[in-house]
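Undergrad: The lines below spell out each chain.
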Amino acid sequence: MSLLQVQDVSVRFGGIVALDGLSFDIEDGQICGLIGPIGAGKTTMFNVVSRIYQPTSGQVMFRGQNLIDAPAHGIARLGIARTFQNLALFPTMSLLENVMVGAHSQGKVGFARAVLRIGASKENNATREFAGELLHQLGLGPLMFRPAMGLPFGTLKRLEIARALAARPTFLLMDEPASGLTHGEVDELGDTIVAIRDQFDLTVLLVEHHMSMVMGISDKVVAMEFGRKIAEGTPAQVQADERVIAAYLGTTE
Amino acid sequence: MKSLVTIKEGSIGHWVLRLLAAAIVVAIMLWIPTKGSNGLVTSATEALTLMSAAMALNLILGYTGQISIGHSAFYGTGAYVTGILVSKYEWSPWLTFPVAFLFAFVVGVLVSFPASRIKGVYLALVTLALALVFPNLLRWPKLESLTGGGPGIPNGDSALDTTGFNIGRRDGQMRNFEIFGWDPFGDLRGQGAIPFYYWIAAGIAVIVYLVIRGVVKSRAGRSLIAVRDNETAAAVMGVNLVATKAFAFGISAGLCALPGSVTAIRLGAVSPDIATLTILGSLTFLIIMVIGGAGSLWGPIIGAALYVFVTDRTGGWADDEAIPGVLRPFFGWSKIPPGSGIFAVILIVLMFVAPRGLVGVWKQYSPRVVRVVPRPAGVAHDAKPALVADTTTNSTPEGESE
Ligand SMILES: Nc1ncnc2c1ncn2[C@@H]1O[C@H](COP(=O)(O)OP(=O)(O)O)[C@@H](O)[C@H]1O
Ligand SMILES: [Mg+2]
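For the protein sequence lines, the chains are Y and H, in the order given.
At position 23 of the first sequence (counting the first as 1) the number is 23 in this note's numbering, and the numbers step up by one without a gap.
Adding 1000 to a residue's 1-based position in the second sequence gives its number in this note's numbering.
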């Protein structure tokens, strides 16, 4: 059975149909590229999986469980983590603390134990080490005590990846991780994503406009336009698809 | 930014520094009730009570980002729980503290449910309503048998009586607490017990501080700051927004009730007219917290000390003759003590030059003298970072002291 099954999902905002009966599957261990022009509904799809948006109809099955039945804060515990297209960091916190919050779903110390100091500092130290390790791996080690506020966009995009990994996910959704990067950095990020997938045993859903990178690293690509799926298959199949070509010729990439 | 001294977190130098700071705090706290005048001890008690309330408010406003102008109601809840239990049911005042905490905790949690659906100015208005309704609730005739209505519970025979503490008595005789000629508690009766009330207020302030410190330095505390900084991201990280706000509100309200209980014990009476039980109390807690530094552990402590210092110093300034020479032209116009006016000016100025309060100023400039370099987290591999082909960051390692 597929890891994730998006089944006939529709999302409406008043008159706007952001997703219109979208369906596709992702297999365990795959990197799945999700492409489409701006406004196609890619971010909306992420927000449905994160339970930030309530779909008008349809369901999203993850390991056989309907995500729509879970609350937003329950998603991380199921092993699903994400990054945000326009950054959703904690600006006053240091990079280290940002990543430590990323590990929230892995922790146990609540208010009572924090007040009574039962196992709080032990958990704190372990989380701190783990978060520091992730920051080093993503090349952010030297910046870990800086507040997130005011750092360059590309750096913060990488911080989002570190924070998502802190949840020890099995499924990672990345929303335009390469935006704001130079060409050289984009290729490098592609390698990073593959390395992350291998090291952490992840399944990845990747939204990206840099075609060479998506096509280079994806096992499978889903193309969307106007909230609908217009093509699905290997990178080569999708690139050759007429509707995909038409969709992209119609927009300035 | 260069600093004169850098100290590694957790090193011997860092511990010496921390012990020194702790020793200074303990010395001041001991000095006040032993060597200070009665006036100073009373002022310090006032400051300790206000700082406890401001610390409690800081948890929900400074750390969690949920505005509350209703904390005077939680403070008043503590005062009345203690007042009623001691005067009507003859409880020992000690036992009323946990009850006051729990009662206000429940009220706080109940307030949090509508509060977790509304934000910003709407939440301010709802909590404002709470502050305005509370004194009227106390005057409500149907509750009069409990609250004493308009006059409240007066100071008198059946009223709040610190002899209920019983710790000073044995077989009808006063027990002697003198240590080497130093009597830390006073004689535990009436006006003589001023140092005793001071110690109760100090004990509560320490408890409130330790509870809040425990929370904010843990996973739970990080989730509060996460909610303040970005609710959506916090939820995606697995933070249950409703439950987190409920706990934060509950703990904040419960802690705010404790200094309320202290006030009831100290005054030996409670009434709806006590200023800190009205909206004025909420505003005082708020101003103290903001001036000291919202979202910092020491902000409310510094803020309360400064607030009481200023209001005390200017307490007699309604009379022009009492104003020191140079300042007379500035404050001669005021026919009431200008303390709150002075504080308002401080607040306005600070909002422009230091929006993060006095502690914010300290955090900005103290690293020029002493910088505490945080303990490194995780192992820095000397080779290239595993997941980055080529490190493009050319920044130098730099630590921020907390
Ligand atoms: N919260 C929202 N309210 C109203 N319309 C929205 C909202 N979120 C997305 N949309 C609309 O849904 C459509 C899809 O948006 P989005 O998912 O962000 O596209 P993409 O990520 O593919 O660029 C757009 O027309 C957008 O304007
Ligand atoms: Mg998008």
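Fair warning: there could be bad hints in the mix.
Unchecked claim - Here are the simulated SDA-like pairs of lysine to any residue, each with C-alpha atoms no more than 25 Å apart in a straight line:
1. Y/LYS108 x H/ARG1018
2. H/LYS1363 x H/ARG1018
3. H/LYS1002 x Y/ALA246
4. Y/LYS122 x H/VAL1016
5. H/LYS1119 x H/LYS1008
6. H/LYS1008 x Y/LYS229
7. Y/LYS122 x H/ASN1240
8. H/LYS1088 x H/PRO1114
9. H/LYS1119 x Y/GLY14
10. Y/LYS122 x Y/GLY150
11. H/LYS1217 x Y/ASN86
12. Y/LYS108 x H/PRO1376
13. H/LYS1363 x Y/LYS229
14. Y/LYS108 x H/TYR1209
15. H/LYS1002 x Y/GLY150
16. H/LYS1002 x H/ASP1312
17. Y/LYS122 x H/ARG1368
18. H/LYS1119 x Y/ASN86
19. H/LYS1217 x Y/MET61
20. H/LYS1119 x H/ARG1356
21. H/LYS1002 x H/LEU1020
22. H/LYS1008 x H/PRO1376
23. H/LYS1217 x H/VAL1025
24. Y/LYS122 x H/LEU1210
25. H/LYS1363 x Y/ASN86
26. H/LYS1035 x H/PHE1343
27. H/LYS1035 x H/ASP1312
28. H/LYS1217 x Y/PRO147
Claimed, not checked - Output of the computed footprint for chain Y on chain H, the stretches with three or more beta carbons under 8 Å from beta carbons of chain Y:
29. 1074 to 1083
30. 1359 to 1367
31. 1370 to 1380
By construction, these hints were calculated from the structure, which means they are not laboratory data.
Values in this document were obtained by computation on a predicted structure and should not be read as measured data.
All C-beta atoms, glycine included, are put in the ideal place defined by N, C-alpha and C.
Undergrad: Hints numbered earlier in the text: which of these fail when held up against the supplied structure?
TA: Of the numbered hints given earlier, those the structure breaks are 1, 3, 5, 6, 8, 10, 11, 13, 16, 17, 19, 25, 26, 29, 30, listed in rising order.
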